[in-house]
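So in the numbering used here, the last one in the sequence shown is 226, and the numbering has no gaps at all.
Each hint should be verified, as a subset may be incorrect.
Subject to a maximum C-alpha distance of 20 Å in a straight line, what follows is the list of computed EDC-like cross-link-like pairs (lysine to aspartate or glutamate) [unchecked claim]:
(1) LYS90 <-> ASP118
(2) LYS170 <-> ASP147
(3) LYS170 <-> GLU69
(4) LYS2 <-> GLU98
(5) LYS90 <-> GLU184
(6) LYS50 <-> GLU125
(7) LYS50 <-> ASP128
(8) LYS90 <-> GLU69
Computed Cβ-Cβ distance ranges for the label pairs, DEER-style [what the hints assert, rightly or not]:
(9) LEU49 <-> ARG165: 17 to 23 Å
(10) LEU182 <-> GLU81: 25 to 31 Å
(11) ARG188 <-> LEU4: 23 to 29 Å
(12) ALA218 <-> GLN123: 43 to 49 Å
(13) LYS90 <-> ARG171: 26 to 32 Å
(14) GLU129 <-> ASP38: 18 to 24 Å
Note that these hints are calculated values from the structure, not bench results. The structure presented is a predicted model; accordingly, all values stated were derived computationally and were not measured. Ideal Cβ placement from N, Cα and C applies to all residues, glycine included.
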Amino acid sequence: MKNLWHRATYIVVRHEAEGGDGKRQSSSDGGGRRDEDDVRVLVQRRSMLKDYCPGRMDPAPGGVVGFGESCDENARRELLEEMGIDAPLKRMFTFPYEDSRARCWGELYEATYRGPIDALRIQEEEVDEVVSLSLSEIESMASADPDAWLPDGVHALRLYVQRRRDASVKRRLLPGYSSGDLNEYRIRPRARAVFFDCDDCLYFDGWGVAGGFKERNARGGGGGVG
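Take these sequences, add in the hints, and give me the full structure.
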């Protein structure tokens, strides 16, 4: 009866200074600074009393949806019980997750907390501590030491970051297409190369796209022009 498919919620809690816009102030836009460097979220360290992945860091806390409970109700309850946050929730998308220990249909939400960490009311039976980290810091730390992080929570956050990037370039998300259905949202593999059919496309673009790919290659970001 273990590892059955079930419903679960995941909540990305953006952390903004009270009265702020959620981005750290920077004196310069140079240095290759990205949006993920500025956006901060609350990360829980799970209690050692937890049966599933005790002591691990969770960047998208939530919970298993109970019988007769909606995902919206579960997300509101979990956020209030575990951190004392009563904030509006924005539903983002549904995604499947499966590994050797968990199988679920996850419902991802976004919320915003404006205030200091020490004002949170932490449920000690569930949470040992809460820290504020940037999206890029989480990705770096989770990649360097994956065993210290909740695997489904990290997967949910990576989907969230991908969705933010999709929105920033106005990518069309179409049902029935790979990684394009928000009711079954998935991580897209990183492109290894990009090919163009003719030089005319690049010429009329002023070679801007080609220059961008060359710059990314120089930084080790992958991609190419053929």
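Results of checking the hints against the structure:
no., hint, verdict
1, LYS90 <-> ASP118, "violated, 24 Å"
2, LYS170 <-> ASP147, "violated, 34 Å"
3, LYS170 <-> GLU69, "violated, 34 Å"
4, LYS2 <-> GLU98, "holds, 13 Å"
5, LYS90 <-> GLU184, "holds, 17 Å"
6, LYS50 <-> GLU125, "holds, 8 Å"
7, LYS50 <-> ASP128, "holds, 10 Å"
8, LYS90 <-> GLU69, "holds, 18 Å"
9, LEU49 <-> ARG165: 17 to 23 Å, "violated, 37 Å"
10, LEU182 <-> GLU81: 25 to 31 Å, "holds, 27 Å"
11, ARG188 <-> LEU4: 23 to 29 Å, "holds, 28 Å"
12, ALA218 <-> GLN123: 43 to 49 Å, "holds, 48 Å"
13, LYS90 <-> ARG171: 26 to 32 Å, "violated, 19 Å"
14, GLU129 <-> ASP38: 18 to 24 Å, "holds, 23 Å"
Checked against the numbered hints above, the structure violates hints 1, 2, 3, 9, 13; every other hint is satisfied.
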